[in-house]
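2 protein chains.
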Amino acid sequence: MAYSEYKMWLQDNGRAPPVVNSKIEERILNHWDNIDGSVERGYSGRSLFFSDGNICYDTARIRDYARLLASIGINRVCCNNVNVTERSARMITEKLLPDVAKLAAVFREFGIRFIIAVDFTSPRLLGGLTTYDPLDETVTDWWKKAADDVYKHIPDLAGFLVKADSEFRDGPAALGRTQADGANSIARALKPHGGKVYWRCFVYNCVQDWRDKKTDRPKAAYDHFFPLDGFFDDNVILQIKHGPSDYQVREPNSPLLGAMKHTNQAIELQVTQEYTGQQIDLYALAVQWEEIFSAPISDTRTMRDLMGREVTAIAAVANTGLDMNWTGHTLAQANLYSFGRLACDPSLTARAVLSEWIYLTFSNNPKLHEPLLEMMLKSRSVYEKYTTPLGLCWMVNINHHYGPSPEGYEFMKWGTYHRANREAIGVDRTEKGTGYTAQYHPYLNKLYSDKETCPEELLLYFHRLPYDYRLKCGKTLLQYMYDSHFEGYDEVEGFIKTWDSLKPFLPEYAYSSVAERLQQQLKNASEWRDVVNTYFYRLTNVADANGRVIYE
Amino acid sequence: MAYSEYKMWLQDNGRAPPVVNSKIEERILNHWDNIDGSVERGYSGRSLFFSDGNICYDTARIRDYARLLASIGINRVCCNNVNVTERSARMITEKLLPDVAKLAAVFREFGIRFIIAVDFTSPRLLGGLTTYDPLDETVTDWWKKAADDVYKHIPDLAGFLVKADSEFRDGPAALGRTQADGANSIARALKPHGGKVYWRCFVYNCVQDWRDKKTDRPKAAYDHFFPLDGFFDDNVILQIKHGPSDYQVREPNSPLLGAMKHTNQAIELQVTQEYTGQQIDLYALAVQWEEIFSAPISDTRTMRDLMGREVTAIAAVANTGLDMNWTGHTLAQANLYSFGRLACDPSLTARAVLSEWIYLTFSNNPKLHEPLLEMMLKSRSVYEKYTTPLGLCWMVNINHHYGPSPEGYEFMKWGTYHRANREAIGVDRTEKGTGYTAQYHPYLNKLYSDKETCPEELLLYFHRLPYDYRLKCGKTLLQYMYDSHFEGYDEVEGFIKTWDSLKPFLPEYAYSSVAERLQQQLKNASEWRDVVNTYFYRLTNVADANGRVIYE
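If you're matching them up, the sequences are chains P and R in order.
So the first sequence is numbered by our numbering: it starts at 1 and just counts up by one.
So the second sequence is numbered by our numbering: it starts at 1 and just counts up by one.
Possibly wrong hints are sitting among the right ones.
As the list claims (entries may be wrong) - Capping the alpha-carbon separation at 27 Å, the derived lysine-lysine pairs in DSSO-like fashion look like this:
(1) 23(P) <-> 261(P)
(2) 95(R) <-> 191(R)
(3) 102(R) <-> 191(R)
(4) 497(R) <-> 472(R)
(5) 446(P) <-> 432(P)
(6) 191(P) <-> 213(P)
(7) 378(P) <-> 497(P)
(8) 523(P) <-> 503(P)
(9) 413(R) <-> 446(R)
(10) 413(P) <-> 413(R)
(11) 523(P) <-> 213(R)
(12) 413(P) <-> 523(R)
(13) 213(P) <-> 213(R)
(14) 472(R) <-> 446(R)
(15) 23(R) <-> 95(R)
(16) 472(R) <-> 523(P)
(17) 102(P) <-> 144(P)
(18) 413(R) <-> 523(P)
(19) 378(R) <-> 503(R)
(20) 523(R) <-> 214(P)
(21) 503(P) <-> 378(P)
Treat the hints as calculated values from the structure; they're not laboratory data.
Note that the coordinates shown come from a computational prediction; the quantities given were computed from them, not determined experimentally.
Using the sequences and the hints given, assemble the complete structure.
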């Protein structure tokens, strides 16, 4: 539909046209925008919605943004961070609701329903109650009143998003209540208005003792939520991260997805590139998402088969901000585009959506289109090569998560350990180890538990292996690590050459801004290559078989 | 002098009595207080002087504080952080000067002269000039005018403190000028008023490439400043950190101290326990300071012999804040006390000043006095044992600097590497290595360069050694590491027992608040013991000779 047609449709119908006929009912974008104007894990400038403690935006730009989101099929948006601050918690109070409603109205024009992230302790924090116990009547009454107030201002609000019992945020567990108690208490307040609770499942022990080898963070979501299947109200949606760790470059799918038969589920992805290059390094997420959807969940089904059935919603963390090109890295626009397209239709291939994006954004001139498409399709594996291949994960600098720190998380409380010594690396997550694989369908448990059948790209996610372990290619694990890091760096050099060759076909701004970021990426790749190779060399004292430089 | 006598003296003379006849003319306390009320490396609550961007204090309490400082011989104070923010830089402008002068007046009552930390780029930042080039006449005119303004309000100001070309702060080097050009340009503006420039020498490459084995951070201060001896005006004092690294638990003395024959020098210590337990862990700094003063600087002289001759001033970073007991940890009061006493008379022993402090603070009951004194005297070596013995340094968590992270700084830009591999650890700083030892007097160069004569507690500061290197006690380096960490932890347990036994002789608040911190210290010691031991065990695969638990 052309924009002129679209506008006409809008005039005639008083609402946005349905842009897709998707099997996935809810296609949700979560912003992690703070009301002070900063964006948690944001790499595209300040917040589009907030500034200095206030709701504050350029209406014309938000209209552009809503149209942009609607055009790729997104139909739910949450503007405030799930890590709700006290000020942001007040978005459901009379003081801020008129302003929130105005913002919601801009999105409504384009058929996008608003979600508000709320603080689970609001009855105490805002209501002055002595508790936020979900089974306490004064608490449930408070939520009911709060919902009634909110719906007066935003009658089509999709619901509330909640991060509870997660990373030092209070939740029902702190009061001895279940996650279902917590979610249902709010859901019942929203129910009369047709609203839902989007309840995040990122619940794990974030004060783990590194000495404790039994606790295994990837097991946490399943352990906490699977036993509660059937106890959640029908307007609760559990929002489950696609992987059991935290948006790493390579993880298996979460065993919780699809495991529950009587609970609404949403899969949560991350468009913002927290662990995947931070919109400095090129990383086409569509490639990873296609893999996620294609991965088996049993001997007969893939994740894709869950979509529109057990999993009725897709949420993702936004990568947009006030930067003129929305996403910092111009090619990172493709990630937002891909999210919308794959959320509408998870059967699309990365090749198809990236191809579309290049066509719509630049041109279909094959001299540009083909090389750029190949470069983007390759970008994920290149990033994986020079960072943490084989499912290794977590060798990242602490807190900000850009660049290498092989032991940065090794002795911390976050449950993220590889336990490398001079002989071996990795955690045995089979039933002989932490038992994590037992959370999967027996077919996958068997597949992952056997080193021979475990997909090699996930080998170090599931197994502890000696450095001289032979991979299928005949290389040792150590030599594969070295090779991978050298190759990854070399391939970034290749990206730079490709990009330069495309200069004649690109707008100047796009060319030069991406060229600059590719140089930053090369520097990052060199840092990753040298730090990780040196780390393994110091541990093993085994030199590169091809005599390349590894620093001492 | 009793307080009643003191007050009478004050009335009769209109100024504070000289509390000491010290060889050290200037005994300076540097606060790292930010104007927003936070304190950089502060562990005793918010700032005594600032809040929310303003000068803001309780006059009665500041009077108490000034009296407290005067009573231990401190006669200079700088209240604002050397990392000057734009707002704090404005303390030398007409807008803030009346308030600054009022604060200075409180200290003046007690004979303490004020120092203001200024931003080297002020002529551009505040004056609107296009440059801050110290050789530009508009710039020197600007400083002259600024000094004239300041002295109208604070006629006895001691001078300006400057951190330039240091940790991302601009300075003369950015404009191709020398440190002397920079310091002198401001000194000449202060000269007519009798003021001085306190010019910090913490200049080093803070964006070092870890691959670069030639650059060695400990060499930096000497390399930057020694060649300029004789080029500094006579009202410039170079403020030199006692050690070449950064207030580590064990460092050699800086070779710059005493090396310059024609330049005024101040030694800079740190009372606030940035790397020494953060006022959670017990650490009597007097012990370390006594060692610093006792250490040789040649075959015939010690650091103590420099004091009052080449080194005419002592500065230290304060450990005080709004906490009711001033220093967070009640026993950390002893560190402020010790600093004042040792600054007045560097020949005092740690035993003498700590004994005084216990007597003045609690009692001279030998049942309290003796055990507490022994515990405090031991506290530095205990902390050293469970953290980084043998001069190892820098195995600390990044940024906040509390707790262990063996490779936290290993691949960073700060120039702080131990380069441990499976066979050896440490940096060779002799002339066969980075050449750092050549900055010392030939006697010390020889002493430190030979593994056999190098003081063992500094062995890993100067040498790279294999884990099976035999120490004089007959233990391998590795076994010494293990033993040291086990012992350090056990000795903290001993502290707890001692402290409990002292309960009958202590005020309840002092007893319980310190008892609580000792429990925190025990936890910290356990973390250090286990992380460092595990780190070495993973690298070496050599178990503890005594079969104690080392985690895998």
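Outcome of the hint check:
no.: 1; hint: 23(P) <-> 261(P); result: holds, 18 Å
no.: 2; hint: 95(R) <-> 191(R); result: holds, 24 Å
no.: 3; hint: 102(R) <-> 191(R); result: holds, 23 Å
no.: 4; hint: 497(R) <-> 472(R); result: violated, 32 Å
no.: 5; hint: 446(P) <-> 432(P); result: holds, 12 Å
no.: 6; hint: 191(P) <-> 213(P); result: violated, 43 Å
no.: 7; hint: 378(P) <-> 497(P); result: holds, 14 Å
no.: 8; hint: 523(P) <-> 503(P); result: holds, 21 Å
no.: 9; hint: 413(R) <-> 446(R); result: violated, 30 Å
no.: 10; hint: 413(P) <-> 413(R); result: holds, 25 Å
no.: 11; hint: 523(P) <-> 213(R); result: holds, 19 Å
no.: 12; hint: 413(P) <-> 523(R); result: holds, 14 Å
no.: 13; hint: 213(P) <-> 213(R); result: violated, 37 Å
no.: 14; hint: 472(R) <-> 446(R); result: holds, 19 Å
no.: 15; hint: 23(R) <-> 95(R); result: violated, 38 Å
no.: 16; hint: 472(R) <-> 523(P); result: violated, 45 Å
no.: 17; hint: 102(P) <-> 144(P); result: holds, 22 Å
no.: 18; hint: 413(R) <-> 523(P); result: holds, 14 Å
no.: 19; hint: 378(R) <-> 503(R); result: holds, 19 Å
no.: 20; hint: 523(R) <-> 214(P); result: holds, 21 Å
no.: 21; hint: 503(P) <-> 378(P); result: holds, 19 Å
Of the numbered hints stated above, those contradicted by the structure are hints 4, 6, 9, 13, 15, 16, listed in ascending order.
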